[in-house]
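J.: Next come the chains, spelled out residue by residue.
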Amino acid sequence: MQEHDLSWVRTEMVLAEPAPLGERGAIAWVRKNLVGSVGDTILTILGIAIVAWILPQVINWAFINAQWTGPDRTVCTTAAQGGIQPEGWTGACWAFVNAKFGQFIFGTYPIEERWRPILVAILFAALLVPMLIPKVPRKGLNAILLFLALPVVSFFLLSGGVFGLPVVETPRWGGLLVTLSLSFVGIAVSLPLGTVLALGRRSKMPIVKLLCVIFIEFVRGIPLITVLFFASVMLPLFLPAGVTFDKFLRALIGVSLFAAAYMAEVVRGGLQAIPKGQYEGADSLGLGYWQKMGLIVLPQALKLVIPAIVNTFIGMFKDTSLVLIISIFDLLGVVKQNLSDANWATPQTARSGLVFAAFVFWLFCFGMSRYSMYTERRLDTGYKR
Amino acid sequence: MASQETLREEPSRGSLINDPKIRGLFFQTLVIILLFGSIWWIVNNVIDNLTRLHIASGFQFLRGRAGFDISDTPIAYTSDSTYGRALVVGLLNTIIVAAAGIVTATIIGFIVGIGRLSQNWLIRKICMVYVEIFRNIPPLLVIFFWYSGVLAVLPPPRESIHLPFGSFLNQRGFYITRAVWGEGSWLIAVAFVVALAMAWFVARRARQRQMATGQQFPVFWTSVALIVGLPVLAFLLAGMPLTFDFPKQSTFNLTGGFQLKPEFLSLFMALSCYTAAFIAEIVRAGIRGVSKGQTEAAGALGLRSGPILRLVVVPQAMRIVIPPLTSQYLNLTKNSSLAIAIGYPDLTATAGTVLNQTGQAVEGVLIMMIAYLVLSLVTSAVMNVVNARMALVER
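Chain order of the listed sequences is A and B.
If you want my numbering, it's the position in the first sequence, counting the first as 1, plus 16.
For the second sequence, counting from 1, position 121 maps to 118 in my numbering; every step adds exactly one.
Don't take each hint at face value.
[As the list claims (entries may be wrong)] In silico SDA-like links for lysine to any residue, alpha-carbon gap of 20 Å or less:
#1 K48(A) with K122(B)
#2 K225(A) with F23(B)
#3 K48(A) with I111(B)
#4 K122(B) with S385(A)
None of these hints come from the bench; they were simulated from the model.
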């Protein structure tokens, strides 16, 4: 009998075999993601058909056939319509946007005074960017500067009347300037006001609670237009005869109150998510109501609902476009107003102007939503149990 | 014993100022005084202002002659009708556009939402692009885009675009064939209602039987047969009382048929597209909220992918989907007030006109607010009933 030596033991791991050819590389990806089954293949063909139908048209319209510069409507109209383009031409009329760009950004703000909104924008950016980057220290000071000092400074810079700056009436403000200032003030007012309303709704005092519930549910039940109507038509009736205040300010009040009701519900969600032990812990330390809320509960609750708060901001940013109904000309309002300019009346003007406005709105909203997703991921680690 | 007696007494607080009860009472009294004070001040100012402007308060103005025309009138209305009737027309228009928008938005939203979870990379990306575009631009802009960017640059009536089923598309709107119901068509409606009732009854009995004996009954196909078959039968019995009114092209305009005006179309399309993006996200979150173990467990029980979706995933996903879906429906209804920007005569637009003509600002805004509140409450009440039926029944 021959003896076998079975004592050999493998000492190192076998290296993993590479995946079979059919499971890796581009072909496997295509097989898995595009042509997995008969139905999948049909869907892919359908998808390709949709893309092949839309994408060339969009690219042709927005880039290849587009007219970028020009003095007036002739560059964007066909020969039959009195222009220079060949028959059957369709393309974006960016020349229109180009010519009106200053108006789209500043409205009818006097040209020689436009350095003022630009300065405000620079200040805003200089304060906002460090606020958004988590690593930059001194958030408290930054927040005070951004939400308290900046609005005051901006107000005097924009409306003038002090330090020898000429007065610029609010009806002359317009465009992106109005959109941004409306939404910024809306944000700066609605967050604290919404927090107070949310606290009121959870208060133990029945009358305070009732008032907060009525306000929140009432405002959430009606459209913003109605609130703006209210602010522009009814508010003057509420004041003593002779007392009037600026239409822009009335719109600000309307937008802020509207946003505050939505913000209150978001903050309430955060308050409800804080375990009862936190409240009781604060009580047992002998903290008063405002100390308990300000030091223990709200910091945790607000942190928890940051994504929802940002979503409310996005909604409000989009909603500011509604002020054009009470004839305040924000970005969309100015674009809409300029569409009827006879000098630029072409079949492509409306599309081009509106696509430009949509792109600007989209940039801001998309940026905000990406930032909120980033914060959500960053804060996710802290609260998992 | 003595020490226990002292413990049972109210703990002394040192000063009344530090007693939370007293503080609460004081604070609430202050709030009430402030509230009534400002209400009194506002009411006084309003009365002052109204007398100064010679406007009589009250709702008598609703009986006055309106004197303005409305372009879309679901019920009979002329400029000789009353303000009240004008407001009713506006309310009906709001309801019509909101209901149509809700149905379309739900269909598009579910398709796109499911598409975002598809195995297919291309479909997933297309749906993502759709959602990211529409979620991030204002609804008003979408409405303007449809109105002045798409519908206004369509060819004039003489060069209308021909579409299937005898419909036409041009600057003045979308012309579709109108069905003209002749005599005896009430029979069809009755048959339809009877069929619905019978289908409901069959579904109930079938469920009872399945609970008792385990035998299944093809409820779906029976219902389809009933709901389609009975009205068709009634249609044949009544002697086919249906003719079609096709839109016809004449020299300058289209005549006949049913015209959907560009105002309605752009509002409807914009609300549907915009809200669908949000509904898609809700549906996606709902389906992803059902844990994978549920699908795998159903597979282990031997269910095929169709029944897994229908019996296991969708019922659980609906539970997550319905509450946020309700608030999207409410948002759509509220956003329909944007109609005023393009001149579709919805409630806000007609109330705005009435308010401008009569100067009855307080009453006008009040009517608007109450109407929207009621619409919101009705929608959420209906959705709450649906939600209660869907909710998890726990033992």
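J.: Please go over all the hints and tell whether each is borne out by the structure.
T.: Tested hints:
no.: 1; hint: K48(A) with K122(B); result: holds, 15 Å
no.: 2; hint: K225(A) with F23(B); result: holds, 15 Å
no.: 3; hint: K48(A) with I111(B); result: holds, 18 Å
no.: 4; hint: K122(B) with S385(A); result: holds, 18 Å
Of the hints listed earlier, there is not a single one the structure fails to meet.
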